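If you want the building blocks of each chain, they are given just below.
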Amino acid sequence: MAEEVTFKCLRCGYTYKGTYDRKVPEERECPKCGSNSVRPLPKGKGD
Amino acid sequence: MDVGRHPKIKLLAYSEIEEITGYIGNFHVKVRKKARYVDEIACTACGECVKVCPVVKPDEHQLGLATRKAIYIPFAQAVPASYLIDMEDCLGNNPIACGACAEVCDPRAIDYDQKDEILELDVGVAIVATGMDVCDPTILDEYRYTKYENVITSWEFEILTGPGYVTRGELLRPTDRKVPKSIAFVQCVGSRAERRGNPYCSNICCMNTIKDTLYLKEHHPEIDCTVFYMDIRAFGKGYEELYKRSKEVGVKYIRGIPGDIVEDRKTRNLVLTVENTTTGKIQRHEFEMVVLSIGVIPRPDTETVQRLLTLSKAADGFLMETHYQLNPIDAPTGGVFLAGCCESPKDIKASVIQASGAASRAETLLSAGKVKVEAITSEVIPDLCKACGICVDVCPYGSITVDRKAKTPASIVEAACKGCGTCGAECRFDALRMRHFTDDQIIAMIDAMFEERPEEKVCIFACNWCSYGGADLAGLSRMQYPPSGRVIRTMCSGRVAEKFVWHAFRKGAPVVLISGCHFADCHYIDANRWTQKRVEKLWDKMEQKGIRPERLQLEWISAAEAVKWTRVMHAVEELRKTVTREEIEETMRILSEEKGK
Ligand code: SF4
Ligand code: SF4
Ligand SMILES: [Zn+2]
Numbered sequence: 000m001a002e003e004v005t006f007k008c009l010r011c012g013y014t015y016k017g018t019y020d021r022k023v024p025e026e027r028e029c030p031k032c033g034s035n036s037v038r039p040l041p042k043g044k045g046d
Numbered sequence: 000m001d002v003g004r005h006p007k008i009k010l011l012a013y014s015e016i017e018e019i020t021g022y023i024g025n026f027h028v029k030v031r032k033k034a035r036y037v038d039e040i041a042c043t044a045c046g047e048c049v050k051v052c053p054v055v056k057p058d059e060h061q062l063g064l065a066t067r068k069a070i071y072i073p074f075a076q077a078v079p080a081s082y083l084i085d086m087e088d089c090l091g092n093n094p095i096a097c098g099a100c101a102e103v104c105d106p107r108a109i110d111y112d113q114k115d116e117i118l119e120l121d122v123g124v125a126i127v128a129t130g131m132d133v134c135d136p137t138i139l140d141e142y143r144y145t146k147y148e149n150v151i152t153s154w155e156f157e158i159l160t161g162p163g164y165v166t167r168g169e170l171l172r173p174t175d176r177k178v179p180k181s182i183a184f185v186q187c188v189g190s191r192a193e194r195r196g197n198p199y200c201s202n203i204c205c206m207n208t209i210k211d212t213l214y215l216k217e218h219h220p221e222i223d224c225t226v227f228y229m230d231i232r233a234f235g236k237g238y239e240e241l242y243k244r245s246k247e248v249g250v251k252y253i254r255g256i257p258g259d260i261v262e263d264r265k266t267r268n269l270v271l272t273v274e275n276t277t278t279g280k281i282q283r284h285e286f287e288m289v290v291l292s293i294g295v296i297p298r299p300d301t302e303t304v305q306r307l308l309t310l311s312k313a314a315d316g317f318l319m320e321t322h323y324q325l326n327p328i329d330a331p332t333g334g335v336f337l338a339g340c341c342e343s344p345k346d347i348k349a350s351v352i353q354a355s356g357a358a359s360r361a362e363t364l365l366s367a368g369k370v371k372v373e374a375i376t377s378e379v380i381p382d383l384c385k386a387c388g389i390c391v392d393v394c395p396y397g398s399i400t401v402d403r404k405a406k407t408p409a410s411i412v413e414a415a416c417k418g419c420g421t422c423g424a425e426c427r428f429d430a431l432r433m434r435h436f437t438d439d440q441i442i443a444m445i446d447a448m449f450e451e452r453p454e455e456k457v458c459i460f461a462c463n464w465c466s467y468g469g470a471d472l473a474g475l476s477r478m479q480y481p482p483s484g485r486v487i488r489t490m491c492s493g494r495v496a497e498k499f500v501w502h503a504f505r506k507g508a509p510v511v512l513i514s515g516c517h518f519a520d521c522h523y524i525d526a527n528r529w530t531q532k533r534v535e536k537l538w539d540k541m542e543q544k545g546i547r548p549e550r551l552q553l554e555w556i557s558a559a560e561a562v563k564w565t566r567v568m569h570a571v572e573e574l575r576k577t578v579t580r581e582e583i584e585e586t587m588r589i590l591s592e593e594k595g596k
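Top to bottom, those sequences are chains A and B.
Numbering that gives the first Met the number 0 numbers the first residue of the first sequence as 0 and each following residue consecutively.
Numbering that gives the first Met the number 0 numbers the first residue of the second sequence as 0 and each following residue consecutively.
In short, the hints are calculated from the structure, not lab data.
No false leads were mixed into what you were given.
To give an idea of the interface, some chain A residues facing chain B are shown, with a C-beta separation under 8 Å as derived from the structure:
no., residue
1, Leu-9
2, Arg-10
3, Pro-24
4, Glu-26
5, Asn-35
6, Pro-41
A quick note: this is a predicted structure, and the numbers were derived from the prediction, not measured.
Where is the CB? At the ideal position from N, CA and C, for every residue including glycine.
So that you can see chain A by itself, here it is in the shape it has in the complex (with noise of 0.2 Å):
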């Protein structure tokens, strides 16, 4: 089920809201940077 997380860019420290389901992956790209070492922070993280 999609939720609402934070995203964390792992190269530029860049973060943002976004939904996010894990079932169903999709290509993420930092908005920022342009990596796509974006991580899904855990509930109670990025908040």
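We have chain A already, so just place chain B with the ligands on it with the hints.
For chain B with the ligands alone, coordinates are given in the frame of chain A:
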């Protein structure tokens, strides 16, 4: 026609595939042969039924520019040459509401009780030749398609000038039914566009327009034809000559794509505003008709075909071949071949070449009766297998079976395995061995990598098809990047097991990078989705262990993205410099202690 008559070809027209199971050499196909309500053998195609059928419908094959009856032949050259009744249009068969066609049919071919049939076939190979669709020009509202009747598409032009059309090939202007005195052709409608339409070149539109202008000039030399274009792509054999001929017969070519079309209400003529990029001037041109040269798009049911045969789709939505240069006919699934525009936009000649190639690839396999399996396949070690079934869930090709209830070990159909290694990476019991990319081999490479000065190196896992290709291109293009990266090639990023990452950190890696194909380019259908899921889990686990998740990087780099490869190499080097010797040692300590427990 030849196909229809061939004694060894069984043509199932008006049929749909519902299910395909099995693998190369052993496919089982379920086909729904839809009821035609006309016995195709008895029907002589005399057409008496059409004369009496009271239902008139737009003819889909002629884009609604002509009509058909509820009983009809889809198009003039249809095979078999037999009528069919569209029961949704017919006044009713249960009970029979009209019955006019049956009354006049001498051979008694009408059968209102016919039912769909399900056929089951065993086949060795499959060729996908599902074709393409065309893009909808209404997305470009400046052309006022559908608002102005005299703006038509290149496909409509084809129908209006076709021998099957009511005018028998004479092009008439829709608003006054007269032969137009001037026609503009606008190229690249929906193609080569970043925002509205598709970024790719549709490949066929330039030559199609040149052909259309020559057709017009041959029948009506007096028609003033002008082509608005970005650049004319006439690269095939004899194409440049056709382009020149069209200019010789008086077709004008203006470099520039119109930004606006406005209709003169009185004359219904169309005024095009365009920046002529040769002169740099804004110009206005008036025409009686405009033909929009529309681009090619994948068919909307591509996804169904993809699902039925577990195929891959490229970023542009067309079906993906195994390798665009070296293996452009084989689909990633063994025993499946691609022909024509389902794979990419192409002209008739290229489609015939690819179809001939597909037929001979299929024939080679069928006549041999056996296949050479990939050298790189997965193998089950039955004693270690716990029959958990994870490998079954992750294999993109459905090559693995396991009886979870009976706890019988997994078994792999080697003919179907493509060697992505995802199963090997996911199996928690080391029960899968990837030939040529075994755990021991990869661990040995990591050991060798970090034998000396580990703090100076970045451990990079690069997939064979994309990222490794990107690195190769960066090298060939003499791009400069830091030498700290050490590459371990795997066929797919899906092969990179968690344990390889932990092992690299345990051996002193400051940074690990896993790189693979972009999602749309994955050569193993969707194996790299598992890479991403695994990396996400690793990030969480690293954090729990007190290791900075940043030290594990993930990048999707295609074989064409040498620039991205270079950029990423610089980025990971910058990251490496932030990892201190103390941090590395602390990680080594954490992981070694954990292993010791
Ligand atoms: S994942 Fe490993 S243990 Fe589980 S069924 Fe497959 S081979 Fe056996
Ligand atoms: S290596 Fe890939 S294709 Fe082969 S069985 Fe494992 S997951 Fe399936
Ligand atoms: Zn970033």
